[in-house]
Amino acid sequence: MSVGGSGQKGSLSLADRFGELGAGVYDAWMFVLRFFREAFVPPWHFKELLRQCYMVGYMSLPLISLTGFVTGIVFTKQSRPSLESFGATSWLPSLIAIAVIRALAPLVTALICAGKVGSNIGAELGSMKVSEQIEAMEVSAINPFKYLVVTRTLACTLMIPVLVMYSAFVGLIGSYFNVHANEATSLISYFQDAFSTITFLDLWSSAAKSFVYGFTVGIVGCYKGFRASKGTQGVGLAANSAVVTGMFLVFMEEIVLVQMINWIRFY
Amino acid sequence: MQNQIHSDLPMISIRGLCISFGSLQVLNGIDLDVWKGENMIVLGRSGSGKSVLIKLLAGLLKPDSGSMEMLGKKVETLDSKSLDALRLRLGFSFQSSALYDSMDVGGNLEFPLTMNIKNLSRKEIDLAVDEVLEAVGLQDKKHQMPAELSGGQRKRVGVARTLIMKPEIMLYDEPTGGLDPITSNEINELILEVQERYKTTSIIITHDLTCARNTGNRIAMLLDGKFVRIGTFDEVFDGSDERINGFYAYNFIQ
Numbered sequence: 001m002s003v004g005g006s007g008q009k010g011s012l013s014l015a016d017r018f019g020e021l022g023a024g025v026y027d028a029w030m031f032v033l034r035f036f037r038e039a040f041v042p043p044w045h046f047k048e049l050l051r052q053c054y055m056v057g058y059m060s061l062p063l064i065s066l067t068g069f070v071t072g073i074v075f076t077k078q079s080r081p082s083l084e085s086f087g088a089t090s091w092l093p094s095l096i097a098i099a100v101i102r103a104l105a106p107l108v109t110a111l112i113c114a115g116k117v118g119s120n121i122g123a124e125l126g127s128m129k130v131s132e133q134i135e136a137m138e139v140s141a142i143n144p145f146k147y148l149v150v151t152r153t154l155a156c157t158l159m160i161p162v163l164v165m166y167s168a169f170v171g172l173i174g175s176y177f178n179v180h181a182n183e184a185t186s187l188i189s190y191f192q193d194a195f196s197t198i199t200f201l202d203l204w205s206s207a208a209k210s211f212v213y214g215f216t217v218g219i220v221g222c223y224k225g226f227r228a229s230k231g232t233q234g235v236g237l238a239a240n241s242a243v244v245t246g247m248f249l250v251f252m253e254e255i256v257l258v259q260m261i262n263w264i265r266f267y
Numbered sequence: 001m002q003n004q005i006h007s008d009l010p011m012i013s014i015r016g017l018c019i020s021f022g023s024l025q026v027l028n029g030i031d032l033d034v035w036k037g038e039n040m041i042v043l044g045r046s047g048s049g050k051s052v053l054i055k056l057l058a059g060l061l062k063p064d065s066g067s068m069e070m071l072g073k074k075v076e077t078l079d080s081k082s083l084d085a086l087r088l089r090l091g092f093s094f095q096s097s098a099l100y101d102s103m104d105v106g107g108n109l110e111f112p113l114t115m116n117i118k119n120l121s122r123k124e125i126d127l128a129v130d131e132v133l134e135a136v137g138l139q140d141k142k143h144q145m146p147a148e149l150s151g152g153q154r155k156r157v158g159v160a161r162t163l164i165m166k167p168e169i170m171l172y173d174e175p176t177g178g179l180d181p182i183t184s185n186e187i188n189e190l191i192l193e194v195q196e197r198y199k200t201t202s203i204i205i206t207h208d209l210t211c212a213r214n215t216g217n218r219i220a221m222l223l224d225g226k227f228v229r230i231g232t233f234d235e236v237f238d239g240s241d242e243r244i245n246g247f248y249a250y251n252f253i254q
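Protein chains in written order, with this note's numbering: chain E, 1 to 267; chain U, 1 to 254.
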């Protein structure tokens, strides 16, 4: 089966398309397995890992601050009329805390990172691939998978949970501003109300989801970059595909993980 | 530059090497010996498989059949650890230079050194970087980024990055590709300087006959997946093979 371009692709049979999809899934799965094989074997590139943590974590702070803060304010504003109709505006802090910590902070942060970090990794590694920089590492006896993929994926896995916690905190602060403007609630009283309904399982599940999303964003970006085809068009496609695939997988994982957490919650 | 260099055992020995991509047979059973200290030119048209040959030698591709022996090691049978050990004795100069965009020239040069040799002091690293920069004539470019360099300077930095590991074998992929005649001539001189100063054995992939004539001890002409002629420049271009004559005429008319 030869697939040279879109013209040829149009003439592929359904069986060929499934075969191609199966080969792609197998290749991606082998890539993930290779990550686990390489990540736990020395040498480890701590300096590059730290640099990537800085790039993924610190450099994402302005965007995460903005989205977290706006999400907190908007969600509070939108929820207020419904609660007001029941005379239950005092429930706002706990409602917002549950929504932000359980769902909004992990999901919104992961989607923002899939866009910002995933595209960045896809484009960077794609560009290195098409300009032979990855081959240059190989012929210098440097393992490019370990140096580029393991460090970037680990940085995402470690830093996105931190960004999620930060985003949740900023979201609650945004929500506090809205609540304070309407009910003149103090900051301490707001946070006491907010955390009164938060359980250990809420915090634990949010952190667990963040690690999964972080790993997904990192490994998808690296995979798409590593598999970029020749040429500048391939770099653009790698960046684009890293975002689309990353977001799709984060949504799919959200559905599965929420279901699993709910089982734990009720049984 | 057409004297043949002899020694007991070849540094590179290729036998019956074949590789195909899909239905396209790129190399079809080639044999080649390269002797110690020799600059071997591999000439051929674009798409004839020249670059594929040195990528096979560097272990970046796997052959369908045949054997490649370098520095006494059978490349196609090596595990990744042994292949890395062999690669430390090779230098590979890429057609695109393949400089790391995120690092300055100094960073590019010290990267293979610091990644492969642990516990080097800052002074030792700086000395090694300065030495190779001096060898390629770019002492004042240490802190510049690759994007700030000209095509010829990028090629030189690419060569310097391989020299820092003191390679025994150099593989040059189109060293004068995309360069003007004056810069090409400077790169040809650099290749000869590297051969003289570092006592390297080289395979130089090119379709530039000026580069071939000025830098090569011998030339292997690759046509239709096979070496059709191996010898000195005058032996290869003695006018007896129509296909080679056409290549010669076209190249010099250009």
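Read the hints as simulated data drawn from the structure, not as lab findings. Keep in mind that the hints are not guaranteed to be accurate.
Just the calculated beta-carbon pair ranges, DEER-fashion [claimed, not checked]:
1) E:E38 - U:S65: 40 to 50 angstroms
2) E:G19 - U:K74: 30 to 40 angstroms
3) E:Y26 - U:D238: 49 to 59 angstroms
4) E:G19 - U:K73: 30 to 40 angstroms
5) E:G19 - U:K62: 43 to 53 angstroms
6) E:G19 - U:D238: 44 to 54 angstroms
7) U:R89 - E:Y26: 28 to 38 angstroms
8) E:G24 - U:K73: 29 to 39 angstroms
9) E:A103 - U:K74: 49 to 59 angstroms
10) U:R89 - E:S13: 46 to 56 angstroms
11) U:S65 - E:V41: 25 to 35 angstroms
Beta carbons: idealized from backbone N, C-alpha and C, even for Gly.
These are the hints, each one checked on the structure:
Against the hinted window of 40 to 50 angstroms, the Cβ-Cβ separation of E:E38 and U:S65 comes to about 30 angstroms, which falls outside the hint. For the pair E:G19 and U:K74, the beta carbons lie near 35 angstroms from each other, so the given range of 30 to 40 angstroms is met. Distance hint for E:Y26 and U:D238: a CB-CB separation of about 53 angstroms, consistent with the stated range 49 to 59 angstroms. At roughly 38 angstroms, the beta-carbon separation of E:G19 and U:K73 lies within the given 30 to 40 angstroms, and the hint holds.
Taking 43 to 53 angstroms as the suggested C-beta distance range, the pair E:G19 and U:K62 does not conform, at roughly 23 angstroms. With their beta carbons about 52 angstroms apart, E:G19 and U:D238 fall inside the hinted range of 44 to 54 angstroms. A hinted range of 28 to 38 angstroms for the beta carbons of U:R89 and E:Y26 is consistent with their spacing of about 35 angstroms. Taking 29 to 39 angstroms as the suggested C-beta distance range, the pair E:G24 and U:K73 conforms, at roughly 35 angstroms.
Against the hinted window of 49 to 59 angstroms, the Cβ-Cβ separation of E:A103 and U:K74 comes to about 58 angstroms, which satisfies the hint. Distance hint for U:R89 and E:S13: a CB-CB separation of about 49 angstroms, consistent with the stated range 46 to 56 angstroms. With their beta carbons about 32 angstroms apart, U:S65 and E:V41 fall inside the hinted range of 25 to 35 angstroms.
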